[in-house]
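Join these two chains into a complex; the hints should help.
Sequence order for the protein chains is A and B. Going by the working numbering, the first sequence opens with residue 943, and the numbers climb by one from there. Going by the working numbering, the second sequence opens with residue 222, and the numbers climb by one from there.
The hints are simulated quantities; they were obtained by calculation from the structure and are not laboratory data. Be careful, since some hints might not be right.
[What the hints assert, rightly or not] Just the calculated beta-carbon pair ranges, DEER-fashion:
#1 A:ASN1160 / B:PRO349: 52 to 60 Å
#2 B:ARG367 / A:SER1158: 53 to 61 Å
#3 B:GLY252 / A:PRO1106: 38 to 46 Å
#4 A:ARG1200 / B:GLU371: 20 to 28 Å
#5 B:SER294 / A:THR1077: 40 to 48 Å
#6 A:VAL974 / B:PRO349: 23 to 31 Å
#7 B:PRO349 / A:LEU1043: 42 to 50 Å
Just so you know, even glycine gets a beta-carbon here, dropped at the ideal spot from N, CA and C.
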Amino acid sequence: MLLYTRRAQRIAWAVFAFFFLLLFALPFGVLVLAAFTKQWNGAFPSSYTFSNVTAAFHTDPLDGLETSLITALLSSLIALVLGTWAALALDAVRNRVGKTLIQTVFMLPIAVPSVVVGLALLVAFSQGPVLLNGTNTIVVMAHSILVTAYAFQQVSAAVTRLDPAYEQAAASLGARPYYTLLRVKLPLLLPALTGSLALCFALSMGELGATAMVYSANWTTLPLRIYALDDRGHQFVAAAVTAVMMTITLAVLLVVSRIRTRANYR
Amino acid sequence: MAATDADPTARRTGRGSGGIRFDDVTVAYNGNVVLDSFTLDVAPGEVVALLGPSGSGKTTALRAVAGFVRPASGRVHVGGRDVTDLPPYKRGLGMVVQQYALFPHMRVEQNVAFGLKAQKIVAKSEIPARVAEALRMTGMAQYAKRYPRELSGGQQQRVAIARALAIQPSVLLLDEPLSALDAQLRSGMLAELARLHRELPDVSILYVTHDQIEALTLADRIAVMNEARLVEVGTARDLYKRPGTEFAAGFVGNSNLLPVTVAECVAHGDGSFRATVRIATESGATTGELVTATCTENAAAGETRTLCLRPHFLGLAAAEHHDNAFSGTVTEVQWRGSAHRIFADVHGHEVRLDTNELRNPPAIGDEVWLHFSAEDAVLIPASGTGSPSPDPVSAAEPAPANPASTEPAPAKPASTKPAPAKDAVPIPATATGSPSPDPVSAAEPALAETAPAEPAPAEDAAR
Ligand SMILES: Nc1ncnc2c1ncn2[C@@H]1O[C@H](COP(=O)(O)OP(=O)(O)OP(=O)(O)O)[C@@H](O)[C@H]1O
Ligand SMILES: [Mg+2]
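Isolated chain B (complex conformation) (with noise of 0.2 Å):
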């Protein structure tokens, strides 16, 4: 983070400390508006990802930060410096695009020496040096001498990042780099941009992609967007835990989000609530059991939020043993060799559920409870109600994580009873050694004749 004029081995040009800053950016083609008041902060030596689905503006973001397009309103701010203004060239920073863009007449090493060349700001001596540098930290050494057409695609991209490099830019600024190539070559590439990040630990990189786990693997930070608007942005933990928005919850990582109704909110110890709530019915009525989830921000008992599940914290149980539970119908059964995925209809809704591989698996039809940790389990805004789209403007602070999220308390849930739920998140994996009272016995056709029977109660206790 430190900035780099006051680190004496900086090898960055004298561009400043880097950073990007988007100051209320509006970007609109013919009228058209792509990106909408987009504010979002990026420090020195930070990633932060841009993430969203097609067509949501993170190219045009982007662009608007190199300079290939002008924004309406709003000011782009690189190094601390404001560059709104400022043609491309003037603005010194590394961009690798798409398609890679490699000059074709050129050879890796003139392609990667064309920014140094182009800029004059290191002698022609130095230049070889920088090149093979920049050549070695990608990987590409060997092949300098190659046409760009006489490599592969993975390889074609490492010297698209070796050209950027060579510049020694403070921002490094990537759209969709691994979006060409294959999925094995996809996890290595980005274990090496890793890697690069970490041996340039000054470089903010701003890198969009469509693809959640690039964002979680190599971000420190997140920004979803949709529709031409920043919906949410936080660390990559944060996003992921304790998502703010449902179009986060469901783009960042999967989740099953459930209409429910508050019944009671009380503090928890760290600085968050949890939340009894009621799953919504179908039809409309709020008859389902009461289970326990967090909350972020105090909710009024009667209020409806939204319950974000993530399927793997689910698990599947016998009744009797998980108060933290919801009764539901098998409706899929999946078997993915380790895994199994369960699709169950709960009160309406279907709820997916992942595990490892079930020796007994459920079958369709059967009568099951889905358990889960009440600090697993997010209460989050209902995207019905309140504003849909949050206002961008406050979800872009580059709130730095707040400690009570990011460390979650052990659970130990205070406002309720202490659900031994907590203990049978890992059932499903050790089901399989244990033999009788185990949840996976919950799943046998026996249990389905006292399912039935749960609701009733569970109704009782509603009224």
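With the rest of the complex left out, here is chain A (with noise of 0.2 Å):
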């Protein structure tokens, strides 16, 4: 009995791995070496170099690596104020038509495809009163349209899921509701409320089919510096921006969810 559970784990550990592996490990093994690579013609590459990351902070590829960062902190920051908001009002609404209707609003940018979003914003914001064809403000606008979606996903199962005894305990007690909010409520959101803001950050540095559509010479993200020269054939210095923005990335998200570990009460 034990041994063929034993077999049973090693088989299941097994079929894990090869998944592992195959999803996630051979993809990311082949860029972070494909960022050493000079030349690669065979299994592994035929010889090394570090021109590529040299390549890749000294040239301007990297300048888009502010950009993003820059773009990725404001709109997952806006994200998180937004997707809270509706969040928050979601659960305070008690109607069901107003319920569908805010879901409703907050779903659309997942339900269509990014492209659209892009496509969305530049036509609404070409022409007419308000002009924003080729700055930086539609280009964080698509990123935080896109990302609150998941903001408001993350946040409103979170509220869903919190005791209203904490509310009501804070009311009885005399607290009026914004004070409920601040010193209650909020707190104990908080691991969702840094899980989402990490979620949004990362969602908005990979962010491409609609940043595309609205991007400008002057606000051009790492993803789409990626795309360009990958486009112009130069595989090896975009593996190495590549692993760099993923470093970065990682090591935000660890902050974050370092964070989020000491904001975790029970």
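What follows is the structure, encoded as structure tokens:
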């Protein structure tokens, strides 16, 4: 019986390892390898170099890193505020039509392809009273719209799980709703808030579809530049830039998850 | 009972004199009435227990006071002020819910300080002292720096109470505060709550429970609820000694409820009545023995009533010594160490008897006589006849115990033969010491032979 269990465990691990290698380790490993490759003809690179990485740091591709970081930071913060606000509103709204309306509005950016979101913004702000065509604002807007949907989903799930007893206890102790929100509900939601911040940041860092529709020459995010590099045949430099972006994004996520662990009370 | 405003040493935050008043409050969830025309008064400084089975609407009543559910009709008053339209945070009452709901991200002292900070009713410099005082009262001073997750259930419960007390409310709402604790801790906390109330004599407490012991221990008055309605309200002692309804009799303490027919009812000295009744047999024929019981209101001869007999007020007896007794057949004998619980079949009804341990307990199948003192037996309206659920409004009158019923006259039944029953009550306790003509011998098989002869004369007497 024990043997059987152990064998089953081994099989399970083997299956897991296979898919893990195939889906995660292989692509990312190859990517990192490519970042240091000069020439790659056979199964493995035939010669290595550091020049890709130096190229990534010394030429313009990495200017896109700053652009991407600013865009991701701004849009994930905006998304967090809007998404949390909407999630709390959804919880407070009692009538069903209102609830459905809020849910639909915030589901829409996920439901349609991101290119559509970009196109919609482009069409809306290329003419008429508000002209944002070619500005960095429209890029941040596009990102914000996209990731707010995710922030809303995450925070909304956490709000639903929040025990109303806490809110009621606070009210019975004489706390006004805004005080309860600041001192009780938001602190209790902190794990979900930091979690969705991290998710939004990562999503925004990697966003390509909508950005491709609205970007301008002076506000080109990293994924666009990687795409361009690859397009022009500089695969290995593209890989190096990607590896740098990956490292920085991971670092940010790790920091956020540290905060998140500390915010877990139970 | 004094209004706190009048008390110069009052530490309440000027919220008036406390007290709660439900005025014909009806609450419905989606058209489903869960609190039906509920009327109840809790005087300042009084402890009232809401006692009832699960789903009877106790929590709902509490939530109506706290403001978490809006009555469909009726008004709720706190401290003489109509709070029906006020949001919860403006009502200024302390509340402790079943799961405590301590804020997990705050230390104990921050939890306790929460209300004070939120309301800004006291100067910041005063808060630590108030927190310390609340923690001292609940015996949690040394845990001030801990987080709720680092506390045991009993400690969490104390913190929840401390948190509610810190804002010095005039009204404290407790919703089954002890239900999450084990039996031992519960009795300890029960004593703590009683002590707390002695320390804070001005605070009105509405205490929800489905545990009759908690209600009897803590409450000045008990409001018995069933199926969204107030069934009966009275002092704990009244409700126990003189229940007015079958439901209350069954829910507050244990009881045997037997259908009887009134043979005669006469006024008793203390304003109550003494009724001679006969137990209705299963077949409906009223052939049982004539026994005497107390009745709070007059009953006409021939009326059907319910006789409420507390199991521990019943004694086992030799028939010839006790005329306030009826015969039965032992169906079950349970030995519980220091006590015996005996079930007997009395004219088709199961009767339970609790007594101190018997040296010679009866055997199953034995004929025994069960006797009781007339003042320990109470006649209540039969649930089948008249109003099954008594008019809740009249029941809700905060009837300050009528002195006659709280102070039962010493056993001197005027209308009946001076029953030796009174003397017989303690006998099971002393029985083990005294040898021959004691009631325990009634339980001995020898008597089983004489017992069957007894019902015959009783039957004759009935005709
Ligand atoms: N939010 C709600 N929505 C619909 N029905 C509810 C709601 N809350 C309570 N009820 C119903 O109201 C009735 C009374 O509930 P309540 O919580 O007052 O009972 P209770 O006497 O406190 O019971 P317990 O001893 O189990 O706590 C129950 O039948 C319950 O199903
Ligand atoms: Mg309840």
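**Request:** Would you pick out the hints that fail for this structure and give their numbers low to high?
**Result:** Violated hints: 3, 5 and 6; rest satisfied.
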